[in-house]
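Q: These protein sequence lines are chains A and B, in that order.
The first sequence begins at 1 in my numbering and counts up one residue at a time.
The second sequence begins at 1 in my numbering and counts up one residue at a time.
It is possible that some hints are incorrect.
Claimed, not checked - Restraint ranges, calculated between C-beta atoms of paired labels, are given here:
(1) A/TRP52 to B/ALA98: 26 to 36 Å
(2) A/PRO79 to B/ARG261: 21 to 31 Å
(3) B/GLU244 to A/SER15: 21 to 31 Å
(4) A/TRP52 to B/GLU346: 42 to 52 Å
(5) A/SER15 to B/LEU254: 44 to 54 Å
(6) A/ARG39 to B/GLY226: 53 to 63 Å
(7) B/SER306 to A/ARG39: 18 to 28 Å
The set of hints was computed from the structure by calculation and includes no laboratory data.
No residue lacks a Cβ here, since even glycine has one placed at the ideal position from N, Cα and C.
Here is what each chain is made of, one letter per residue.
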Amino acid sequence: MTGESAEYPRPQEDSDNRDFLEAWRDGCLAVQVCGACGRSFFYPRPLCPHCWSDRLSWQTLPGKGEVVSFSAIYRPNHPSFFSDIPIVLAEIRVAEEISLLARIIDIVPEAVRIGTRVRLLAKSEANRYPLPTFRPDER
Amino acid sequence: MDATQIGIIGYGQSVYVKRTERSLFSFLAEASRHALASAGLRKDEIDGLAVSSFELPPDNAVTLAEQFGLSVSWAYLGTAGGAGPVASVINAARAITAGHAEIVLCLAGDNYDVAGHYRLMDNFNRALKNYGSPHGFGGANGLFGIIQRKHMETYGTERTQLGRISVGQRASAMLNDNALLRAPLTLEEYLNARVIADPLRLYDCVLPCAGAEAVVVGPLDRAPAGKAVRILAGYERHNHPPGEPAPLRGGWELFRDFLYRDAGFGPEDMDFVQAYDDYPIMVAIQLEDLGFCPKGEVGPFLARHSFAWNGSLPLNTGGGQLSCGQAGAGGGMIGLVEGVRQLRGEAGVRQLAKVRRGLVSGYGMVGYGHGLSTSTIILEKVS
């Protein structure tokens with residue numbers, strides 16, 4: 001599973017999301033925090049969606065989260081995912097104010113519950129996946 | 001012009017097909033010709049044009065006018081996905097009220113197939129392309145699997161309840177020659193169908209197809225005798241609630257009270273509901289948020305009602321997208337056309353016996369996790 005990068009569709013890197021994607025290449029999950037209103041948000045944007053300030057900075061989150069809801073996908077869009085099915089796609093709460101959509105690997109759908117704890121992949125594994133990806137957090 | 005004297009004075013639909021070599025314009029043209037004939041108008045009487053279509057770019061409402069040889073004083077490009085067509089009718093009526101046009105042709109349709117739909121969804125907008133597609137998100141199916149599970153976990157909604165929507169609509173589709181799926185469907189078959197994006201199975205999902213729908217909006221007195229349909233009320237909402245990837249609401253709950261206040265009728269007065277049925281779970285959420293039952297109680301509501309054209313709550317009486325197929329943005333107009341057809345008494349073997357008014361709802365433009373747009377209109381037969 002590690003090493004070779006799969007032929008997954010990649011995000012289009014631009015001035016809005018470059019820092020986020022670079023953080024993930026280092027195995028980190030970075031989100032934006034607004035210097036004006038103090039709120040944080042995902043996905044990356046050129047303005048704070050709460051107050052429209054452009055005084056934005058990046059904050060690295062601990063990379064732990066909790067499943068809010070999920071789906072097990074047996075018919076992914078892109079052919080590059082066909083050998084990975086089922087794909088567990090979840091809404092994951094990664095901070096008090098932030099839920100995002102992400103894959104959870106190394107888990108069968110039957111084992112996922114609302115509230116299942118997950119953590120980011122290690123940096124050595126991160127390279128294979130275009131976006132922050134999680135695995136069960138066994139602790 | 002007096003807003004109460006504006007309505008839908010004609011409608012049309014193209015043939016629906018699973019895949020095609022035909023151009024998008026040819027489907028839009030077919031629906032347009034039928035709508036014009038239904039309105040009893042000549043082509044050059046149209047002075048406003050609205051179109052909703054995913055596959056239309058790089059074309060738009062203005063270049064469509066060129067294709068169709070129309071010169072118009074008002075042009076509108078739907079940007080709200082499956083909520084766009086109902087929104088286009090609301091806006092067309094406003095344009096006529098304000099004197100920008102007199103007769104507006106509203107079109108919606110697409111000519112894709114299953115593979116085309118997947119390509120479309122992978123590139124639907126920047127947020128999905130960048131933060132959905134690279135996860136193998138399964139298009140809309142994966143996202144609505146997440147929403148349905150959340151509804152089931154939060155409120156105890158069951159698949160045996162949701163399935164009654166697909167099963168009821170299929171019974172109506174069996175009386176619709178233009179529905180692509182007309183074989184009988186049992187609840188057992190619904191429950192045990194192939195898993196697509198658990199908890200969604202095959203009959204929770206629509207079949208992407210080619211087709212187009214059209215309505216003509218104009219002064220009620222321009223309709224053929226006895227065929228005018230009044231617009232009693234209409235509202236739309238976009239990007240609600242902001243910042244939530246998988247909400248169990250979409251905006252209907254914000255405008256519901258205004259909608260019924262304007263119409264002068266409540267949900268109990270509706271003789272049919274044409275709800276946007278990309279998935280039964282979204283129909284269920286519309287029934288809740290448009291006041292047919294309290295929030296969170298749609299499961300028992302579904303269990304005690306039946307949804308075929310002759311059921312206790314006539315729902316998507318032509319079979320809806322779940323049985324007819326989803327002709328892209330045309331899916332946002334299929335219910336409008338069916339509602340008008342019913343109110344004009346032209347629904348043939350599935351004609352409702354007693355029909356005075358009904359509700360048509362739109363939903364769509366999937367962004368980061370859910371449909372961003374909602375729209376609803378209440379229609380009444382002019383007697």
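Q: Now tell me, hint by hint, if it's right for this structure.
A: Going down the list of hints, with the structure as the test:
Checked against the given bound of 26 to 36 Å, the beta carbons of A/TRP52 and B/ALA98, roughly 31 Å apart, stay inside it. The hinted range of 21 to 31 Å is not satisfied by A/PRO79 and B/ARG261, whose Cβ atoms lie roughly 50 Å apart. Taking the beta carbon of each, B/GLU244 and A/SER15 are about 26 Å apart, inside 21 to 31 Å as hinted. At about 50 Å, the CB distance of A/TRP52 to B/GLU346 agrees with the hint of 42 to 52 Å.
Judged by the Cβ atoms, the range 44 to 54 Å given for A/SER15 and B/LEU254 is violated: they are separated by roughly 34 Å. For A/ARG39 and B/GLY226, the hinted distance range of 53 to 63 Å is satisfied, since their beta carbons lie about 57 Å from each other. Checked against the hint of 18 to 28 Å, the pair B/SER306 and A/ARG39 fails, with Cβ atoms roughly 47 Å apart.
Of the numbered hints given earlier, the model fails hints 2, 5, 7; all others are met.
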